[in-house]
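Protein chains in written order, with our numbering: chain A, 4 to 464; chain B, 19 to 1116; chain C, 8 to 236.
Hints are supplied without guarantee of correctness; some may be wrong.
[Claimed, not checked] Quick partial rundown of chain A residues pointing at chain C, CB under 8 Å, derived from the structure:
| hint | residue |
| --- | --- |
| 1 | Arg-197 |
| 2 | Gln-206 |
| 3 | Gly-210 |
If you're looking for bench data, these hints aren't it; they were derived computationally from the structure.
The beta carbon of each residue, even a glycine, is placed where N, CA and C say it ideally should be.
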Amino acid sequence: MDSEGTETTTQTQDKLIQPGHTMATVTDKISSIVLTRGTTMGWVGGFAVAFALFVLLNVAMGYLFFVGVGIWGINIPVAWAFAITNFVWWIGIGHAGTLISAFLLIMHQKWRTSINRFAEAMTIFAVACAGMFPLLHMGRPWLFYYLLPYPNVMWLWPQFRSPLVWDVFAVSTYLTVSLLFWYIGLLPDLATLRDRAKKKVSQVLYGFFSLGWRGSASHWTRYETASILLAGLATPLVVSVHTVVSFDFAIALVPGWHSTIFPPYFVAGAIYSGFAMVLTLAIPLRKWYRLEDMVTVKHLDIMGKVMLATGVIVAYGYIMETFMAFYSGNGFDRYMIMNRMVGPYTYVYWTLITCNIVIPQALWWKKVRRNPLFLFLVSIVINIGMWLERFVIIVVSLHREYNPSYWGMFYPTRWDWAVLFGSMGLFLTLFYLFIRFLPMISIVEMRALVHKTEKKEEAAA
Amino acid sequence: MSSDPNSIHRKAAGPNPADAAPTAPAAPSAAGKDAPREWRSIEEYHNTPEFRAALEGEFSADAQLPDAPGRLTSSAAAQAPKPEAEETWRPRPWEAWLRDADLQQQMRLADSSSALEKAAAPSAAPQDAKDGINRRDLLKLAAVGAATAGLSACTILPTEHIVPYVRQPEEIIPGKPLFYATAMTMQGVATGLLVESHMGRPTKIEGNPEHPGSLGGTDVFLQASVLDLYDPNRSQTVLRDGRISSWQDFVAEMGNQRAALTAKGAGLRILTQTTSSPSFGAQLRKLQTQFPNAKWHQYEPCGLDSAREGSRLAFGRMVNAVYRVDQANVIVSLESDFLVSGPGHVRYTREFASRRSIEGTKQNLNRLYTAESMPTSTGAMADHRLRVRSSEIEGLARQLATAIGIALPGGTGAESANVPEKWVQAVARDLLKNRGASLVIAGEGQPPIVHALAHAMNDALQNVGKTVYYTDPVELSPVNQTESLRELVNDLNAGQVTLLMILGGNPVYDAPVDLGFQAALMKAPVRVHCGLYKDETAEWCNWHIPAAHYLESWGDGRAYDGTIGIQQPLIAPIYGGKTYQEMIATLTGDEELSNHDLVKGYWQAQGPPKGQKFEEFWEVTLYNGVMTNTALPAISVPLSHGFLQQAPTSSPAQGKELELTFRPDPTIFDGRFANNGWLQETSKPITRITWDNAVLMSPATAAEHGLNHRDYVTLRCGGREVSGGVFLAIGHVDHAVTVHLGYGRWRAPGPPHLIIGPGGTKDRQFGFNAYVLRTSTAPWIAGAPVQIENTGKKYEFAAEEHQWLIDNKGVESDDVSVNAFKRDLVQVATLEEFKRDPNFAQVPEAQETKSLSLYPNYQYTGYAWGMAIDLNKCVGCNACVVACTSENNVATVGKDQVDRGRVMHWIRIDTYFHGAVEAPEMYFEPLPCMQCENAPCEYVCPVGATTHSSEGLNDMTYNRCVGTRYCSNNCPYKVRRFNFYLYSDYTTPSLYGVRNPNVTVRSRGVMEKCTYCVQRINAAKIRSAEENRTVRDLEVLTACQQACPAGAIMFGNINDKNAHVTRWKAQSRNYVLLADLNTRPRTTYLARVRNPNPEMAG
Amino acid sequence: MPQVFHRSANLIARVSIIAVVVLIGVLTYALYQIEESAWYTNIGEARPQPVPFSHRHHVGELGIDCRYCHTSVEKSAFAGLPPTETCMSCHSQIWTNAAMLEPVRASYRDNVSISWVRVNALPQFVYFDHSIHVRMGVGCTTCHGPIASMPLTYRYGTLYMSWCLNCHRQPSKFLRPRSEVFDPYYQPPSAVHPVTYREVKYTDQLALGRQLMKDYKVYSLTDCDTCHR
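Produce the complete structure using the sequences and hints provided.
Set out below in C-alpha cells:
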C-alpha cells in the first residue's frame, strides 16, 4: 500500500529501529528500564489496580468453591456461560504471542524482534488465566484429576472421546512449550542483567535463573538450536490448540456449535484477538517507556495489517455460518441464526458484528494503522468483540435449543462479572511484574537487529 | 423393591408380641437416675420438674421439641444440628467439600442404624409406649449423622457402626422392603394404598390395585403424603396456652371437663372435617349417648356441599353419584375437573383413559365436551372445550337440558354470548344419539341447581344404572358443612359452647370470612385443637395436640363407591401424635384404649361375615387393605321434578364485569399441603406455576384492564381486598378471574429444604390468601363483581416452563408451542385423519438416518429396556412427577431456584398450546430421559460418568461425575438436571427417613437424570436370576408408570416380542421426538388422536 | 568483578535436574503403593469390637454354618447380623457367666443393641447384593478370606473397584460350585486336590469356572448401573 510519493517522509518511519542505535545503546536502554529506572509511581498505581482485581478473583473463587457454581447465572438449558466464554477468549489471546515468536521466527520476519518478548509473556499469562476456567466451571473441582489418565484403584480412565479431555492435553502442552520457549529466549538477557546488576540480591536472582550463561560459542549454538526446535514445536500449536478448543463445540450437536467451519474460524479469531491484545499492551508500553524508537510505527502498521487479514477471515466465518444455516435447509440451524439476529440477545449479536467486522474495516486506511491512538481504540473494540463472539456462540446457541419446552435465558450475576474482571486482574498483575523485573524487549535480538541494519547501511554506503 | 403387585410381599401388621420392636435404649444421661427407666412417653419423661424448668427457661413459648430431645440424647447429640442451623440452613464450607461418600454415609445410616428400624417396626407394642422412643431415636440418628459428617471429612476410612436387632421381628429381612396395605382419606373419601417400607420406614406410596378407588393408580396428594409424615415442621408436642404440656395433663384436663359438663353436655362441640370412618362414627354415637346435647359439626373449605345439595334438590335426599366413565361414549363436563379432583377421580381417570386407547386402528374413542372458565386437565382432554364464565354454566345447563327435551318452566335464563346455540344443539344431538351411553357431570364449583340439572339430564338420557348410579352418601353424616359451621359460630357467639374440640382442619384460616370464625372461637372457654401442624387455628386454641399422620395411625374409611378400606399404620407416631379417635376417647372415658383397640374393637363388634372367624377375616382385610363386598349398594332414587319449575338462581355476570371464581389449589389443595415441598414444587397443570397461586385471567381481559403478566394487583370484592400477581392463563375465559385457595397461610413455616444457598426463598412471598374474599353465601363464584387495581409493583412467579417466554402480552409462549409443532414434538390428528392415514405420526427422517453412525451400533442381546407414552391417555395430573421425586430422592430446590431454571424433576409434563390464544387446544407431553441408543450425552462426558449399559440405559454414575455439564448442553431433550448447590437436605434428620435407600442421594455439583428406575430393574433382575428365570413382562414398573392413574406409560423389555411395550411401540401412532437427530430414543410416544364431533368441525 | 556463584553451582544444577525427574517417578509409585497398602486399606487389621467374637472358634472349631447367624445372606442384599437373641440361644446355656460375654447378656437384658464396628464397609454409593453373589457361586471366603482362622475378624480384600472388577471381568477365575459356597475351607481346584462337580473332577479353576458360568448363567457384568445408582 505504500505509495512511492511519500517515500521521503515515511523513510524514517519505515525502519524497524530508529537510526543511531548501537548495540550498547540498545542494551543500556532496555536493561535500564529494569535495573536503574526503579519502581515508578505510574507502575505502582497500575499494579495496585491490577492487584485489586486479582484479589476480587480470589474472593470470587473462594465463594465459588464453598457454595457451588449456583452463584453464577447458569441453569438448564444454559449450563455453560461466562466461565467457558472467558476460557476460549483467553486461550485465543494467547495465540498471537506464539505466532509472533515461533511462526515469524521460522519465517525470518525481522519485525517480530522488538515485540516477541512481551507477546510471549502475554501468551503465558493468558494461558494461565484460561487454564483456570475449566477448573472453576466444574461442579466438583476437587475431583479434577478424574480427567487425567493416571493409574488408579478404580481401573478407570478418562473418556477419550470427549473433547474436554483433548483440551486438557492441548492446553497443558501449549503452556509447557510456550513457557520453555520464552525462558530459553530469556537466558542471555538474564545473564546481561546479572552482569549489569549492582545489587547483590538481583545479581543472585538473575544469576540463578540465567543458569550460568556465559555467552560462550557453545552456549550460543545450543541456544540457537533450542530456539529453532522449540519454534518448530510451537508453530503447529498455533493451529492445533484452538482447533481442539473449537472441537468442544463442533463435536456437540447443539445448533450453532455443530459446524465444520469452526476450527479454521476459531484459529483466525484467536490470532485476531491475540494481535488486538498485543497492540492493547504495546501502544501504552512504548509510550510510557519511550520505546517508540524500538517499537516503531512500522510495527504497528504491520500488526494492523495482520488484524485486518484475520478479521476478514473471521467475517467470512460469520457469513458462511449464516449462509450454511439457510443453504442447508436445516430448520434448527435456521432458527438458531434468526434467533441470534432478532432473538432476545439480538443486541449482543449486532454489537459483536459492529466490533469485529464494521469498525476494524478502518484498518484499510494507512492513517489509522499508523496512528497509535486509533489503533489502540480499534484493538480494544476487537477484544470486546471477540469476547462477545464466544458469548454468542455459547450462550445464545444454548438458550434456545431443540426442545422449546426447555428454552431459557441467561442473566449474569455479579459473581459472573467478578470472575471475568478478576481474571483480567490476574493477567495484568502478572504482566506488571513482568515489565518491572524482566526485559520486555529481547536485548539479544535487538543487538542482532542493530548489527544487521548497520551492515546494510555500510553496504549501502 | 418389588413393583409387581402379584409378587409383592405384603403384610398385615397385627400387634402380636412376636414383632414387638426393642423398647427404650438406655435412658439419656441427662435423665439422671430418678427418671423412670421405661417411661411410657417422652412427655412423661419431660414431666420431671427440673427438665420442665430448664426447657421453659431455654425456649420461647412455642418451643419446637426436636432440638430439646436432641440435646437430651447421649453424647453424640453434641454434634447434632443446632436449632438455629435447622432454622435457616446455608451450605457450610466443610459440607460443600465433603466427598459424597461421606454424605451418602449419613443417608445409609438412616437405613443401617437400628434407630429407624425401632422407630418403625409397625404397630409394635402399645402405640403410646413407643412414640417417645421413636422420636428420640430419630434424633440420635441425626446426631450420629452429623457426627460422621464432621468426622469423615478428616479420616481416611470413617469407622461405621452396624447395629443389629436384639430381637428381630419375624417378617423383617434386613435390606428387603415390605409392602403394607393402608388407605388415605381426603374429603371423607378413602383411597387404598400399598406403602413400601424399608426396615420399617415408609418411603413410597403406591396405589392398591385391589382398591376400587385406586386400581393401582395414585394422584399427587397420595404420592406426596409420605413427605408430610417426616415433615420436621409438624407439631411435635402438646401445648397448653402455647407452653409445652403433656398428653397426661391433657387427659386429666379432659377428665375434669367431662365432670364439669352440665345439662347432658350442652356446652360440648366437636368440629371435624368430612369423615367416612365407621369406627369413628361409633365413637361419636357413644359420645352422643353420654352427652345427648353435645353437637358434632363438620367443615371442610373444599368439601362436597354443592354436589350433596344438588342431589337433595334432585332427589329430595342426599345421595352419592358414582360414575362409570368407561361406559360413556359422550361425556359432558359442566366445569367438572373430574379427572384430577373430587371423589374417585383416580378411578375415573383410569376408566376415561381406557376409552382413549387405540390398538392398531381398532378403537372405541369416547368424546368429551367441557365447559369451563379456567383451563384444567379435563378441559385439555376435551375434544370440544367451551370457555364460559362459571356463572353462565347454569344457563348453559338449562339450554342443554331443554335441548334434550326436559321441560324447564323456569326458563333457560339469560342468553350469553359465550354460549353459542349451535354448540348446545350439537352437544344435545350427540347426547341423544348416545342415550344410555352418555354422561353429564357437574363440577363442585357449580351451584346445586346445576348438579340437579345434570342429574335430570342423566335421568332423561336413561344413563342412570348404566353410566351413573346412586348410593347413600359415603360420609358418616352428610350435612351442608357451611351451614353446620354457621350453626357452630352462632352457638359460639351465643356463648353456649364451653368446650370446643377441633379435630383436624384449620377453620381460623379457611372458614368463610363473613362468619368471623376466629372471633367467635375465642368465646369458648376451652378450645382444643388436634392437627398435624401448629397452624392458624392451633394458635387461637388453648390446647394443641399433635395429630398422628395417617401412616402412623389405625383407621378406616369408605371409598368413592363406599367400599371400606382399613388404614393400618406403618410406623409408630414419630412425633408422638394422637389420632382423632384417641381424642374422642378422652371424652368418652376410653382414654386407656389405644387407637388400635378402638378400630379393631369396632369391627370385632360388627362381627365377621358369615362363616369366617374374625381374626382370619381381619388378617385378610388388612392384607388386602379392602373389606370385600362392602361397596354401598346402588339405590333407585326417583327424580323429583319440583326443582325444574324454579327460575334460574345464579344471575350470569353481565357484559364486561369481572367475575371472580375460587378453586382449590391443584397441588396444595385447600392449604393443608402448604408445607409439602414436593407438592409446592410440582407445577400446576397448564399454567406450570410452582410455589404460588395467582390472579389468573386471559390475555385479552388483562389487556382490557391495562394489565400485564406479573403485575401485582389488588382484588376488591364485597368490601374486602387481597393482593396478588397477575398470571396470564392461556385458554381462560374473558371477563373472569380465577384464584386458587390454600396459599398465604401465616402460620405455615414452609418446607425446611426451601432455604437453599444464597438468595434462598425465605425472603420471597408465596401467593396470597384467597379465603379473604370467600363468603359462606358465595363459596365458589363471588357474589359481587370484582374490581382490579394495579399497584404498579411486579410479582415474581416461578413457572417451571415458559417461564422466560410469556412476555407482557402473554403471547410468546405460543411461540414455544408453534415451534414444538414445527419440530414434530407433538403429533396430533383427528379421528378422521387417523383413519385416513394411520401412519400420520411417522417422521420420514427417522428411517433415512437409521444407518448413519460412525460408531458401530450396540448389540442388545439380553434385555433392552424401553418405554412408550400414550399421549392419548395422559391427563397431565403430575402424579408421575411426584412419584418420581419420591422414588428417586429428587431434591426440592425452592421457588428462587425454580425461577432460575434449576428445577430437579426427572420427568416433567411439557404443555403445549395449539391454535388461537383465545381458545387453544392443549396438549400434555410427559418427558423423562429418552435413554437414546446414540446418546449425545455419553460421548462428551470427559470422565465417563454417564455410559451406555448393555441393556440400552444411559447410566448415570453420580460418584464419578465432576460436573462439567457438557452432557446437559448436548442433550437435545434437556432432561438432565444439575445440583448447582447442595440441594439434597443433609441437615434435617427426620428427612433421612423418607429417602429411598436404593438410590444415591446426589451431592452438590453432580449431574442427575432419569434411568428408568434402574434400582427397580436391578432388583427384579436379581430376583429373577435367583428364581432361575428371566424378568417377566410388567415385573418392573417404573415409578411414573406405577403411579399413572391413566396407565399412559408402558415400560418393559423391547427384545421381548410379546411384551406390552413392544406391542405399543409396534403401533402406527408410535413416533420418536426429534427423529432426524438419529439419537434413537428408547422412550417413544403414541400420537394423540382427537375425536371431535364431525358436525362441529370448522 | 567476583563470580556470583561458587563453581560447585554447576554440579548442583546438573544433579538437581536428574533428581527432579527421579523424584516425580518415585512419588507417583509411592502414592500408588500407599493406596494399596494395608495401612491405608485396613486389610488384616482386626477392629476392636464390644465383644471379642472369634470366627475361628465358632466357625473353625465349632463348625457353625455361616447362615446360622448371617440369616439373610441368601435372601437379601444385606447378609444380616445376628440379633442378640441368636447369641443367647447358646450362651444362655454355656458360658452363662463368662465376663467376656457380659455385653451380650446386658444387651439381651436391657434390650439395647450391641453396636459392632463394621469391618467390611463399602462406599455408600456402591450397591452390593449378597444374595445374588452367593447364588452365583461366589464363596464367602472368596471375599471375606480365611474366616475360619480369624480370631478377631479383619478385612481381607481392598474393596476397591479394581478388586471388584477383577472378578466381574472374569468370574471364571473365582466361581465355585453352589454346594461349596459356604465351605470355609474350600480350596480352588488344583492337581493336588481336585474339585468334583457333577461327577467331573476339575483340576483347573478356569475350566471349572467356565462350566459354572454356563450352568449358573453367570455373565461378566461391568455396566455402571450394576453397582452404582
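Let's test the interface hint: is any C-beta of chain C closer than 8 Å to that of Arg-197 (chain A)? It holds, given that the least Cβ distance between Arg-197 (chain A) and chain C is near 7 Å, below 8 Å.
Once the shortest beta carbon distance from Gln-206 (chain A) to chain C is found, is it less than 8 Å?
Nearest chain C Cβ about 5 Å off; hint holds.
- Going by Cβ atoms only, is Gly-210 (chain A) closer than 8 Å to chain C? Holds, about 4 Å.
Violation of the numbered hints given earlier is absent; every hint is satisfied by the structure.
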